[in-house]
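*Asks:* In case you want the letters, here they are:
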Amino acid sequence: MTVPLVWYVFLALILFTIGLVVIVSRHNLIYTLMGVELILNGANINFIAFARALGGKYPIAGNIFSIFVIVLAAAEAAVALAIVLHVFGHFGSVRPEDPNMLRE
Amino acid sequence: MTAEFLAFLVVAAAAVSGALITLWSKSIVRSAFGLILAFLGVAGVYALLGCAFLAITQLVVYVGGVVVLYLFGVMLTPPDLEERRASRVSFWAALGLVSLVLFSISLFGTRLPSSQGKPMGDAAGIGEALLTRDAYLLPFEIASILLLVVLVGAVHLARREKKKAQENAEGEEA
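Listed in order, the protein sequences are those of chains X and P. All the letters of the first sequence, read from the start, carry residue numbers 1 to 104 under this note's numbering. All the letters of the second sequence, read from the start, carry residue numbers 1 to 174 under this note's numbering.
Keep in mind that the hints were calculated from the coordinates and are not lab data. We put the beta carbon where it would ideally sit given N, CA and C, even for glycine. No false leads were slipped in.
Simulated restraints on C-beta separations:
#1 135/P to 92/X: 40 to 50 Å
#2 134/P to 102/X: 42 to 52 Å
#3 97/X to 26/P: 18 to 28 Å
#4 122/P to 97/X: 43 to 53 Å
#5 95/X to 30/P: 12 to 22 Å
#6 6/P to 103/X: 48 to 58 Å
#7 76/X to 123/P: 19 to 29 Å
#8 102/X to 107/P: 30 to 40 Å
#9 79/P to 86/X: 13 to 23 Å
#10 90/P to 90/X: 25 to 35 Å
#11 24/X to 104/P: 11 to 21 Å
#12 5/P to 24/X: 32 to 42 Å
#13 134/P to 100/X: 45 to 55 Å
#14 99/X to 79/P: 14 to 24 Å
Quick look at which bits of chain P chain X covers, simulated, 3 or more residues with Cβ under 8 Å:
#15 55–68
#16 152–158
Can you make the complete structure from the sequences, with help from the hints?
*Replies:* Rendered as structure tokens:
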């Protein structure tokens, strides 16, 4: 007997929700990026679990999608951290509410 | 309770507790290490689902790359002392719990497929799919171009700041 699909989906759900709470509750741009990573990991678990459960015409597609998500997440982390360091050099803080020049 | 169930429980507990450490920890360095634990748990989930290549990729890219990058970002920015006092984590955590319950209701109301496929995702199959023209060759090439753009863009963003700081220093000297 193997682990049912719904357990994996539920794990992905928990990771997604925790990532969402990290994004909205912590006042630091680096925490925002960490929350995004958690959300992407939850999405990846869904890809793999459904690929395993369904199989289908393209059995490798779930793996490929997950690899592309990992690639995009790594690229996003690099650029976003460069932007965060730039924001810190410009505003002297990493709080997400400080860069608000467009609002004024 | 089979061994697979136990293994799933262990890796799921690792992933969720790592994510909770990231959420609740007062120190951002500890949050980054909680993120490592969460990524290790997710890698275990991939291994459990039979995707060995993806599990290794997760370890190499996330634990070896992304978290180290975040630690660099943490070290290069000051700790936000006001954030510790001002954060209302519990309020947002309660809100997250409510959304989790709502999500779960919608999840358990959905009929999920119960069939179990074979484990797949060996490195040979993935490599063949990525380099076959009718499969995923075009996205593969686009991703490589994206990585090149990201490399140049990140270097450019980080360098411009340095140049500006130099100009400021020169201006102060003059």
